[in-house]
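Assembling the complex is the task here: the two chains are given apart, and the hints tell you how they should meet.
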Amino acid sequence: AQRVTQPEKLLSVFKGAPVELKCNYSYSGSPELFWYVQYSRQRLQLLLRHISRESIKGFTADLNKGETSFHLKKPFAQEEDSAMYYCALSGPGTYKYIFGTGTRLKVLA
Amino acid sequence: GAGVSQTPSNKVTEKGKYVELRCDPISGHTALYWYRQSLGQGPEFLIYFQGTGAADDSGLPNDRFFAVRPEGSVSTLKIQRTERGDSAVYLCASSLAGMNTEAFFGQGTRLTVV
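Those sequence lines, one after another, are chains A and B.
Quick note on numbering: the working numbering labels position 48 of the first sequence as 48, and the sequence is numbered without any gaps.
Quick note on numbering: the working numbering labels position 106 of the second sequence as 106, and the sequence is numbered without any gaps.
Excised from the complex, chain B in its bound form (with noise of 0.2 Å):
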């Protein structure tokens, strides 16, 4: 693919329920992040993955959340018994191995939990 694909676009879920978004980062990207960008703010950082193992995972919020990337490539993000707070883009991220390298970004997932 040409780019960081996220799916799906959007999600709309109840609150209580469980969700999963998924990240397909650019062939060759061992480095992968997941961010959320809450309505009027900055996207904030969530994890960072380097291959298949989490190498910062000090953004997420509480342990309802958790991402996993078991091959290195594909990640999927999981988010458990949601609340409404939980309502945000997520967005993916991709870069080359090393330091202050370019990210690519997705196009995230619309999260709207009612």
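So that you can see chain A by itself, here it is in the shape it has in the complex (with noise of 0.2 Å):
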């Protein structure tokens, strides 16, 4: 079956500590991941995409084959960073993504 999952509804950090959102995928061939976000009260937007291997606003994401994984990290997390993450693929020769449930991410000051 085709999935997507993200395990973590909500991630707490503290403002300049390490964030890993975790995103786990299930699809029998090889997908392209992508990571979208939603700000408070704003459209969801694309992040990054993993074939693009670009860092954006100190956002990272390695696609791991092996472990169907795609999580997203960045090594210090800023208030800004609160919002709403989905972990997303599109399959070969398709047009839809399949999402995954997102994660809340909080940065507390």
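The set of hints was computed from the structure by calculation and includes no laboratory data.
Just to be clear, a hint being listed does not mean it is correct.
Derived pair list, reagent style DSBU-like, types lysine-lysine, alpha-carbon separation capped at 35 Å [stated by the list, open to error]: (1) A:LYS57 <-> A:LYS9; (2) A:LYS73 <-> B:LYS78; (3) A:LYS73 <-> A:LYS106; (4) A:LYS106 <-> A:LYS9; (5) B:LYS78 <-> B:LYS15; (6) A:LYS57 <-> A:LYS106; (7) A:LYS9 <-> B:LYS15; (8) A:LYS106 <-> A:LYS22; (9) A:LYS106 <-> B:LYS17; (10) B:LYS17 <-> A:LYS73; (11) A:LYS22 <-> A:LYS57; (12) B:LYS11 <-> B:LYS78.
Footprint (simulated), chain B over chain A, 3 or more residues, beta carbon under 8 Å [to be verified]: (13) 39-45; (14) 89-103.
One side only, chain B facing chain A, incomplete, derived with CB under 8 Å [said to hold, decoys possible]: (15) GLY42; (16) ALA103; (17) PHE105; (18) GLN107.
For clarity, every value in this text was computed on a predicted model and none was experimentally measured.
Note that CB positions come from ideal geometry on N, CA and C, so glycine has one too.
Encoded structure:
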């Protein structure tokens, strides 16, 4: 079955602490993985995608095909990182996303 | 417009009524998607349009749901005989044609069926 699992509904960290938002996926093939973010009162927007291999707002994510994971990491959390984060996949030859249930990140002062 | 526009932003309707939700995509985006997000869940795929045609409607839950995009731009999601379980945020997204391209989301329409 095609599935994206985000085991944590809520993750609270202090400002300056490292952050890791977990994402595991199940897909028979080679999907493309994404992280989307939704800040308070804003629309869902793309944060990063594994194919780009870039760091956005200090966040990085490495695709681990052996563990079927795509965890999102940031070494030093900032208060403005507080938001809802969704991991998603898109299969080759398809256009639709399969989203996880999301993790709410709260960065405490 | 600067982004994907959805109207109305909120809709309250009575059980059994018919509703239409509108999506105005980014100009030039040929791909358009509808997703539904229930409380505590991630967005769930409903239907995908490439131009005027529905290329994939596998996510529509039943035949009460229907969507059109007659001129390849604005799309309308139509729900007949609404049920309380249809209450959710309906999200529209658009993207350039092509595989795995970034989807730009609208603010969503919050539908409440009472």
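Hint-by-hint comparison with the structure:
1. Between LYS57 (chain A) and LYS9 (chain A) the alpha-carbon distance is near 22 Å, which keeps this suggested pair within the 35 Å criterion.
2. Proposed proximity of LYS73 (chain A) and LYS78 (chain B) is contradicted: the alpha carbons are some 40 Å apart, above 35 Å.
3. With a C-alpha separation of about 14 Å, the suggested pair LYS73 (chain A) and LYS106 (chain A) falls inside the 35 Å cut-off, and the hint holds.
4. Taking the CA atoms of LYS106 (chain A) and LYS9 (chain A), the gap is near 11 Å; set against the 35 Å cutoff, the hint holds.
5. As the CA atoms of LYS78 (chain B) and LYS15 (chain B) are separated by approximately 14 Å, the hinted pair is consistent with the 35 Å bound.
6. Annotation: proposed proximity of LYS57 (chain A) to LYS106 (chain A) holds, straight-line Cα distance about 16 Å (limit 35 Å).
7. Distance hint between LYS9 (chain A) and LYS15 (chain B) is fulfilled; the C-alpha atoms sit about 31 Å from each other, no more than 35 Å.
8. For a cut-off of 35 Å, the pair hint linking LYS106 (chain A) to LYS22 (chain A) stands: about 15 Å separates their Cα positions.
9. Taken as a hint, the LYS106 (chain A) and LYS17 (chain B) pair is broken in the structure, with Cα atoms around 39 Å apart against an allowance of 35 Å.
10. Pair hint LYS17 (chain B) plus LYS73 (chain A) does not hold up; C-alpha atoms about 46 Å apart against a cutoff of 35 Å.
11. Distance restraint check for LYS22 (chain A) and LYS57 (chain A): the Cα-Cα separation of roughly 18 Å lies within the 35 Å cut-off, and the hinted pair is therefore satisfied.
12. Distance check on the hinted pair: LYS11 (chain B) and LYS78 (chain B) sit about 13 Å apart at the alpha-carbon level, within 35 Å; holds.
13. Against chain B, the segment 39-45 of chain A contributes 3 residues with a C-beta closer than 8 Å to a partner C-beta. That satisfies the three-residue criterion, and the hint holds.
14. Residues of the segment 89-103 of chain A lying with their CB closer than 8 Å to a CB of chain B number 12, which satisfies the three-residue condition for coverage.
15. Annotation: interface hint on GLY42 (chain B) holds; nearest CB of chain A at approximately 3 Å, less than 8 Å.
16. The closest approach between the C-beta of ALA103 (chain B) and any C-beta of chain A is roughly 7 Å, which is under the 8 Å cut-off, so the hint is satisfied.
17. The closest approach between the C-beta of PHE105 (chain B) and any C-beta of chain A is roughly 4 Å, which is under the 8 Å cut-off, so the hint is satisfied.
18. The interface hint given for GLN107 (chain B) holds, since its Cβ lies 5 Å from the closest Cβ of chain A, which is under the 8 Å cut-off.
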